[in-house]
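**Student:** Keeping the supplied structure of chain A fixed, place chain B upon it in accordance with the hints.
Chain order of the listed sequences is A and B.
Here the first sequence stands for residues 241 to 493, numbered as in our numbering.
Here the second sequence stands for residues 13 to 330, numbered as in our numbering.
There may be inaccurate statements among the hints.
To be verified - Covered by chain A, according to a simulated footprint, are these stretches of chain B (three or more residues, beta-carbon under 8 Å):
| id | stretch |
| --- | --- |
| 1 | 40-47 |
| 2 | 65-79 |
| 3 | 93-101 |
| 4 | 105-114 |
| 5 | 130-139 |
| 6 | 249-263 |
Simulated from the structure, these hints should not be mistaken for lab results.
Built from N, CA and C at the ideal position, the CB exists for glycine as well.
Here is how the chains run, residue by residue.
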Amino acid sequence: MITLTPAPGAATLPRMLLSQVAFETRLVLRNGEQLLLTVIIPVVLLALLAAIPVLDTGPVRKIDFLVPGILALAVMSTAFTSLAIATGYERRYGVLKRLAASPLPRWGLLVAKAGTVLTVLAVQVMLVAGLGLALGWRPHGSPVAVAGLLVAGTFAFGGLAMLMAGTLRAEATLAAANLIYLLLLGLGGIFVPLDRFPAGIQPILEATPTGSLASGLRDVLVDGNGVPWASLAILGAWAVVGFTAAARWFRWE
Amino acid sequence: MPDLRAVGGSTAVEVSSLVKRYGGQRDGIVAVGGLTFAADRAAITALLGPNGAGKTTTIECCEGYRRPDGGLVRVLGLDPLHDGAALRPRIGVMLQEGAGLYPAARPRELLRHLARLHAHPLDVDALIERLGLGGTLRTPIRRLSGGQRQRVALAAALVGRPELVFLDEPTAGLDPQARRATWELMEQLRADGVSIILTTHLMDEVERLADHVVIVDQGRLVAEGSPSALTSDGAEGVVQFEAQPGLDVASLAAALPGPAKVTEVSGGRYLVDGQVTPDLLAALTSWCAARGVLAQGLQVGRRTLEDVFLELTGKQLR
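Okay, chain A solo, but in the shape it has when bound (with noise of 0.2 Å):
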């Protein structure tokens, strides 16, 4: 028989954090829609963008043009859309408020989506580079300044999608989620080069969070440019307005 018998007490953080990466990252590669969007619909646009010939891009190879834009899909869909749709429904279903009983703190577990965030990001990226290397991808510039800007995009789109969820029905999260993505699917830069675009909405684009990524990650990887510093401070903006938002009018319940 089993005993029940008291005995509190909190795990160490680092066990807590760990065990909720760990669980959440197992989540999130189980889910079916999830995988569909972070890794499959990235993984599949790569193959048959790079195998179709409609693609007019100037100078620059055509694979070389494709992957940045593909890695900034692949941090979207990842720290943006499948993390405000799976934080809007875990709110919506009190995941978050029995959490907040747990003895992991809140902001323990914004750590720990963070941490799965950028997790299922180095899953996506071995993978969309792996396929590019395959497809002759030659990349340039610094890996350190690749990885701090996939970093930043996804602290500026994670602050957006923590905003949302917190905010929003998650039904209209869902949809809200959904329809950006697909509007900067095709306004942001990642397949269709930003200066195609009239000359009117080009900084608009630009400062849109995927524009900004997928410009920083070509000045390095395609023309080999140290840190693209204004890239940089444009995602660490979005990702200053986003948490700052949230951190004002997220709602756990």
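**Tutor:** Okay, now just chain B, sitting in the frame of chain A:
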């Protein structure tokens, strides 16, 4: 291990003059309006009240979810809002309808994960077996039946080996077997030294389990005490029986010797208030016999908790 009972004395939960409003400070709805009660350690305390009485709001103030607008809440001697980090590892929480479980997770992986948030958790497989969840291990929580989900939520509240658990309607929607199993588990928890705060609508659950009952209505305390104290209080001059609904209570009262009051407490359940004498019982049964009414379950000197509850909180639906 230090003696945890030394911290916060013999009281698990202390609520005094608790006020909680929703909406504006002035025109908001008063959910709890000055509630005071205490719950002992290693005891089962039941919060009883009609829907909307303020039970869940009160519990949520104890769990640290809500900020009281007035009064004082101490849980294991701690302030749930300011000492939340110290308090949370020591309590277990089961939300209403078993809410708060990851729908896509399977019971065992969720319980394993929650166990890892604690320093000395229960053995997850033993807990699963104790709660009869062995057949559900490959099923995502969203596809479990309501009763199975309730039991997973109960397991989730217990896995960290808390000193105090808050169970918000833990047996709502359970079949009789599962309800009895849950009652036995609560009795074992109490025997092992765990304090339990329980909300429920089930009177038989309260009569069987609770050491202390707190009856709340419209955010206020209307009565408290042990179930036996509540049901025997003022019941010396009481007869109750069951018959078909709608008997003419005025005619019956007139037929009884001495001043007596007859009320139909709920459909077909009658309460006679008066000097209980052999003559009174004889008059009662002959009045029934004359009308072909079979009075069943005739009982002298004890009311049920449901009678007390309905008397205190009224019979109107709300």
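**Student:** All hints, please: hold or fail.
**Tutor:** Hint check results:
Here the stretch 40-47 of chain B counts 0 residues with a CB under 8 Å from a CB of chain A, which misses the bar of 3, and the coverage is violated. With 3 residues having a beta carbon nearer than 8 Å to a beta carbon of chain A, the stretch 65-79 of chain B meets the requirement of three or more and the stated coverage holds. By the rule of at least three residues with a Cβ nearer than 8 Å to a Cβ of chain A, the coverage given for the stretch 93-101 of chain B holds, with 3 such residues. Counting residues of the stretch 105-114 of chain B whose C-beta lies closer than 8 Å to any C-beta of chain A gives 6; at least three are required, and the coverage claim holds.
Here the stretch 130-139 of chain B counts 7 residues with a CB under 8 Å from a CB of chain A, which clears the bar of 3, and the coverage holds. Given as covered by chain A, the stretch 249-263 of chain B fails the check, having 0 residues with a CB less than 8 Å from a CB of that chain where 3 are the minimum.
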